[in-house]
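Colleague: Listed below, chain by chain, are the residues.
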Amino acid sequence: LRTTMEVCSSDGFNVTLREFGCEQCLLSRPDGSSSFIQGDTSVLAAVYGPAEVKVSKEIYDRATLEVVIQTKVGLPSVKERSQEQCVRETCEASLLSSLHPRSSLTLILQVLHNDGSLLSCFLNAACMAFMDAGLPMSCLFCGVTCAIASDGQVITDPTATQEKESRALLTFAIDSTEQKVLMSSTKGSFSVHELQECIAISQMASEKIFQFYRESVQRRYSKTL
Amino acid sequence: MAAGFKTAEPLEYHRSFLKENCRPDGRELVEFRTTTLNIGSISTAEGSALVKIGNTTVICGIKMELANPSVEAPNKGYIVPNVDLPPLCSSGFRPGAPGEQAQAASQFMADIIESSEVVKTEDLCIERGKLCWVLYCDLMCLDYDGNLLDTCTIALLAALKNAQLPEVTVNAETSLPEVDLKKRKPLQIHRHPVASSFCVFDNSILIVDPTGEEERLSTAQLTVVTDEDGRLCSVHKPGGTSLSGERLQECISRAQVRHREIRKLIDKVAQSVTSGK
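Chains A and B, in that order, are what the protein sequence lines are. Under full-length UniProt numbering, the first residue of the first sequence carries the number 1, and numbering increases by one thereafter. Under full-length UniProt numbering, the first residue of the second sequence carries the number 1, and numbering increases by one thereafter.
Since the hints were derived computationally from the structure, they do not count as laboratory data. Where hints are given, some of them may not hold.
Claimed, not checked - Label-pair ranges, simulated between beta-carbon atoms:
{"no.": "1", "chain 1": "A", "residue 1": "LYS79", "chain 2": "B", "residue 2": "GLU127", "range": "25 to 31 angstroms"}
{"no.": "2", "chain 1": "B", "residue 1": "ARG260", "chain 2": "A", "residue 2": "GLU178", "range": "28 to 34 angstroms"}
{"no.": "3", "chain 1": "B", "residue 1": "GLU122", "chain 2": "A", "residue 2": "ARG219", "range": "51 to 57 angstroms"}
{"no.": "4", "chain 1": "B", "residue 1": "GLY26", "chain 2": "A", "residue 2": "ILE59", "range": "27 to 33 angstroms"}
{"no.": "5", "chain 1": "B", "residue 1": "LYS120", "chain 2": "A", "residue 2": "ASP61", "range": "32 to 38 angstroms"}
{"no.": "6", "chain 1": "A", "residue 1": "ALA200", "chain 2": "B", "residue 2": "PRO86", "range": "41 to 47 angstroms"}
{"no.": "7", "chain 1": "A", "residue 1": "ARG220", "chain 2": "B", "residue 2": "ALA67", "range": "49 to 55 angstroms"}
{"no.": "8", "chain 1": "A", "residue 1": "CYS25", "chain 2": "B", "residue 2": "GLU127", "range": "56 to 62 angstroms"}
{"no.": "9", "chain 1": "A", "residue 1": "GLY134", "chain 2": "B", "residue 2": "LYS6", "range": "36 to 42 angstroms"}
{"no.": "10", "chain 1": "A", "residue 1": "GLU52", "chain 2": "B", "residue 2": "PRO86", "range": "39 to 45 angstroms"}
Claimed, not checked - Partial list, computed: chain A residues near chain B (C-beta under 8 angstroms):
{"no.": "11", "residue": "VAL78"}
{"no.": "12", "residue": "SER82"}
{"no.": "13", "residue": "SER189"}
Every value quoted in this text rests on a predicted model; they were computed, and no experiment measured them. Here a beta-carbon is modelled for each residue, glycine too, at the ideal position from N, C-alpha and C.
Sequences are here, hints too, so could you generate the full structure?
Modeller: This is the structure:
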């Protein structure tokens, strides 16, 4: 297990992320797998494909991506379906699925423990699993969650307690090429200024996360090469 | 010839219009379709509204039921939104269990209600820990031609404004609730959330109020929900191609203008309903 501590501050903002951890290729059956840890939040991701697709789901010019979120306890609810939609459409934007037409890609995300920032952890785990599966992508992406506390302070990568106490919760997916917003999902009300501030902070945090991706992959291949 | 071109190369067909800064239905890029609103269309529901944006039609009915509050929140009632996309409204939907789009839309409506506090769940409490109201907000799409979320939000807001709560007293002797259907008072609406949807074409061109076909061909969708103070209740972009902060700002400014237009429309219709009585 590779872990690094991420703390940085620049431009007056304090971007603090919890301890990150990632392991790739830990399952034998899937074509790509990863586990991603943000503090106590932990997600296991598996990718199958490109494989044969059901005729009813076949798309003639690109691969069909299916995302399944498995909760720790109980059956998946409407909330999980909404998160599945967010993850799927983000992955579709970065995967070059037209290179595998009429085939299926399946991404399974298993929650191991939820201590806040779950949606961003899903996105990070998904990206690392796709990388492990060796699927062609136009860019990498990462998820960043920002919580706006009642005093207006922005907390990046909040824990479940911080999420509960916050006034608003914003999750963004940021792409690695232009640092633009791929996905946005929000809860609570906030001003336009606060939104722009959170995007700017997320873009800064994304640099750190992409740096972590790079180190994690480098360390993995330094052993085999 | 034009019809054949449209069927064979729909994307090229749309591009040829967008190049000239207009759309196949004659609209400009930042123009919404005609929005019509009817309040109180269902007499058997406590509150109802029918909204049309272009061809897209959504009807919202609000039913109320008495229930016990949960132990975690003894002073709160419940609001349960549900979006239904029946096979009637488009060939894209099959009968049976609700699909991903319907479930995601239901979750989106629940998030807006919670984020904007349009109706506070505390207002639905009748007796702390014992009795509260459940508001079932059923949104049914009758005709699907894109921009479902905008239509649903307007329908929900108008129906909530139309809803009348009957007075409930708890009988001290039998401790049973007694509902007085003749004495009714309207729900207190704290804020007015209005949604505006956008589509991104070819990773760069931004259009508002997409039709069903434009949604299918677009590379990304975005919905911004604002309230009367210009604050944001939701910036929902489920994925797709990326947007910069500046482009997002353009969308928010347009959404704030749209909010004023819709507020005016709802107030006008609500006024004509009360004066017509």
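Colleague: Each hint: holds or not?
Modeller: Hints, verified against the model:
1. LYS79(A) with GLU127(B): 25 to 31 angstroms: Distance hint for LYS79(A), GLU127(B) holds at roughly 30 angstroms.
2. ARG260(B) with GLU178(A): 28 to 34 angstroms: Given about 33 angstroms between the Cβ atoms, the range holds.
3. GLU122(B) with ARG219(A): 51 to 57 angstroms: holds (52 angstroms)
4. GLY26(B) with ILE59(A): 27 to 33 angstroms: holds (31 angstroms)
5. LYS120(B) with ASP61(A): 32 to 38 angstroms: Given range 32 to 38 angstroms: violated, Cβ gap about 48 angstroms.
6. ALA200(A) with PRO86(B): 41 to 47 angstroms: This hint holds: roughly 43 angstroms between Cβ atoms.
7. ARG220(A) with ALA67(B): 49 to 55 angstroms: Roughly 53 angstroms apart at Cβ, these two residues keep to the hinted range, so it holds.
8. CYS25(A) with GLU127(B): 56 to 62 angstroms: For CYS25(A) and GLU127(B) the Cβ distance comes to about 58 angstroms; the hint holds.
9. GLY134(A) with LYS6(B): 36 to 42 angstroms: holds (39 angstroms)
10. GLU52(A) with PRO86(B): 39 to 45 angstroms: Taking Cβ atoms as reference, GLU52(A) and PRO86(B) lie about 32 angstroms apart, which means the hint is violated.
11. VAL78: The hint holds - VAL78(A) has a Cβ within 8 angstroms of chain B, the shortest such distance being about 5 angstroms.
12. SER82: holds (4 angstroms)
13. SER189: Hint on SER189(A): holds, closest Cβ of chain B at ~5 angstroms, below 8 angstroms.
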